[in-house]
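Number of protein chains: 2
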Amino acid sequence: MGTFETNAPIIFQTINIHTMQDQSESQPQFGKYDLIAELSKCFPNDNSSTIVGIGDDASVIDTDGNQTVSSTKVFIEDVHFDLTYVPLKHLGYKVITVAVTDILGMNAIPTQVTVNVAVSNRFDLKAVNELLAGMEACCETVHVDVVGLDLSTSRKDLIITVTAIGECEPARLVTRKGASENELVCVSGDFAAAYAGLLLLEREKKVFEVNPSTQPDFSGKDYLLRRQLMPEPRLDIVEALRREDILPTAMCAIPDGIAAAIMQICRASDKGCAVFEEKLPLTELAFTTLKDLDIVHTVAALNGGDDYELMFTIRQADFEKIKNVENVSIIGYIKEPSAGYKLITGDNVQVDIQAQGFRN
Amino acid sequence: MGTFETNAPIIFQTINIHTMQDQSESQPQFGKYDLIAELSKCFPNDNSSTIVGIGDDASVIDTDGNQTVSSTKVFIEDVHFDLTYVPLKHLGYKVITVAVTDILGMNAIPTQVTVNVAVSNRFDLKAVNELLAGMEACCETVHVDVVGLDLSTSRKDLIITVTAIGECEPARLVTRKGASENELVCVSGDFAAAYAGLLLLEREKKVFEVNPSTQPDFSGKDYLLRRQLMPEPRLDIVEALRREDILPTAMCAIPDGIAAAIMQICRASDKGCAVFEEKLPLTELAFTTLKDLDIVHTVAALNGGDDYELMFTIRQADFEKIKNVENVSIIGYIKEPSAGYKLITGDNVQVDIQAQGFRN
Chain A
172 MGTFETNAPI IFQTINIHTM QDQSESQPQF GKYDLIAELS KCFPNDNSST
222 IVGIGDDASV IDTDGNQTVS STKVFIEDVH FDLTYVPLKH LGYKVITVAV
272 TDILGMNAIP TQVTVNVAVS NRFDLKAVNE LLAGMEACCE TVHVDVVGLD
322 LSTSRKDLII TVTAIGECEP ARLVTRKGAS ENELVCVSGD FAAAYAGLLL
372 LEREKKVFEV NPSTQPDFSG KDYLLRRQLM PEPRLDIVEA LRREDILPTA
422 MCAIPDGIAA AIMQICRASD KGCAVFEEKL PLTELAFTTL KDLDIVHTVA
472 ALNGGDDYEL MFTIRQADFE KIKNVENVSI IGYIKEPSAG YKLITGDNVQ
522 VDIQAQGFRN
Chain B
172 MGTFETNAPI IFQTINIHTM QDQSESQPQF GKYDLIAELS KCFPNDNSST
222 IVGIGDDASV IDTDGNQTVS STKVFIEDVH FDLTYVPLKH LGYKVITVAV
272 TDILGMNAIP TQVTVNVAVS NRFDLKAVNE LLAGMEACCE TVHVDVVGLD
322 LSTSRKDLII TVTAIGECEP ARLVTRKGAS ENELVCVSGD FAAAYAGLLL
372 LEREKKVFEV NPSTQPDFSG KDYLLRRQLM PEPRLDIVEA LRREDILPTA
422 MCAIPDGIAA AIMQICRASD KGCAVFEEKL PLTELAFTTL KDLDIVHTVA
472 ALNGGDDYEL MFTIRQADFE KIKNVENVSI IGYIKEPSAG YKLITGDNVQ
522 VDIQAQGFRN
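Residue numbers (the working numbering), protein chains in the order written: chain A, 172 to 531; chain B, 172 to 531.
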């Protein structure tokens, strides 16, 4: 780290930071996940209670018995959500799902959340109450307590921070690292519906901007909108894995699509994988809607994001047991590292899996 | 909470939130702390592991042995810091101090932090590295691990979120609630220096805006600038209290001045207090600088903020022991609730203590 000059003179500056664009030639292009890995190197972990540090869904701290799992998520208006079409109650529900999913992605049980809300004078008390009501509704579904609430001022945008805390018996904790060759890659739920919902909302927003007197008609698309606006935390999956006595070998949340998730597990486990296109779980509604929108459904499932499902790898010996867990699909298997990350298409062609945030 | 209508139609809106100003007549004026208390009512705590919920410096979770203490802080550019004069390394150091101080304010030992940084393309990798280097420097001084790091995009401003986690034996944990009549009110360190530093920086910023070719001269004011830009976490105080076997009866961090801190303890404990103006610890430098700036030094100590010291109440029986703890001042004592919150001035006049964020 080097020395920290506490008495260095304070330099006033009007522009004290360079733009990323200006320096694009002089520095390597990092993806988000590469950058986090790179920056993490300056943070050595010394405390004996630190079990899992940077680079997984959540951090894990030993507490003389169960382990405490925690993860913090930040949501910024017009970066992570658009209040033109996102109701505040739904937004409150979703931010809890997103934060809690990181705990579930470690095979842990979420128990508490803390919430920080930064608002400008665009928002009144009723608006804040709507947001918190949505949060509480989601917390109730997964039996989580809101144990911290802080308010602050923002210049204009709504900024929401949620820290989720959970607990796990040490023997049940599952990180991204631990997948072995020939193990099965499982995912919960279905994919690309949330992305299709986003595309519909964004399309209708453009119509609305031209003619604000119209309101969109989403009839028949309820499932897609609900997947985008109010995804459910998959506590049921983590509970079912316990009930069936299945201990995944590696596990992670799926916030950014199947591709990023499988790459996280394979990288952390130093393995390759094969994922079968025809095994990707999509609803008929997502499939037909994406077709109408001229979007390749496989790309939407791999890279669309916002699904907040879980991915985990299991031993072949657990194949019979996993059939007892509803809403789980086996989409592929783990291979040797040199196999790379491959999608096997319907006509048996191998395609490299790619994901935003990774350098290829 | 009522039912949550998942299938409610999505309403598109250009302005979907009212301004606080427009409604100022129709709704009561809440201070920040009142508002948090009001909003907290919709969050019942059900999990048996929840020991302390909303309304203290940090939340506390029981983990079959030690208790896990956690607190999340959000820092927004131009709301909480000004990059015209705050170097990124100092900023990194300060945000860790602020977050960790909430853990210390529960008499707990900080052990881990997680960090989220949202940056726009105004910031390059070097800038992010500076920020993280400052964080790491502060973490090193208090032996804390950075166990989580997430990056995201902001539209323009730098937004930093720090979650601090700590641990405490249940018998050592001290909340804001627990002060009894005739107990002594203690504070660590000195006050108003950070506020004086802020005033100097803001004054010179105005000069700089008129004439950007000049650089300010802060010679002789180093201590004030350091208190504002790079405050130190008071781990030494929490360690000294353990060493001297002093268990405070109530305790809190002092982010917003002595007034807000004493009111938090008195409200939570349902007590009144008397604070002696002449006992407020100020350095000569802060005193003279504030005088030059035409600021009443007592007001700066009570309401200036940014000190990040600790306040705690102790039994009179611990009076001899507390003398062995360096950098602690006794500034007053706890009274019956009807006594209110009083400042006793040098000429023995009683003045009501007031603080921003509280309804009077």
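Any given hint might turn out to be false.
Each pair may be met inside one copy or between any two copies, as identical chains are not told apart.
Think about it this way: if two alpha-carbon atoms lie no more than 20 Å apart in a straight line, the pair counts; the simulated SDA-like pairs of lysine to any residue are [unchecked claim]:
#1 Lys392 / Val257
#2 Lys492 / Val257
#3 Lys297 / Ser211
#4 Lys327 / Ser291
#5 Lys327 / Asn292
It should be emphasised that the hints constitute simulated quantities derived from the structure, not laboratory data.
Comparing the hints with the structure gives:
Proximity of Lys392 to Val257 under the C-alpha cut-off of 20 Å is restricted to the intra-copy arrangement: shortest distance 16 Å within a copy versus 49 Å between copies. Taking the shortest alpha-carbon separations for Lys492 and Val257, neither the intra-copy value of 39 Å nor the inter-copy value of 57 Å comes in at or below 20 Å. In this assembly of identical chains, Lys297 and Ser211 lie within 20 Å of each other by CA distance solely across copies; the values are 14 Å between and 40 Å within a copy. Proximity of Lys327 to Ser291 under the C-alpha cut-off of 20 Å is found in both arrangements, the shortest distances being 5 Å within a copy and 16 Å between copies.
Taking CA atoms no more than 20 Å apart as the test, Lys327 paired with Asn292 passes in both settings, with 8 Å inside one copy and 19 Å between copies.
In the structure shown, a violation is registered for the earlier hint numbered 2 alone.
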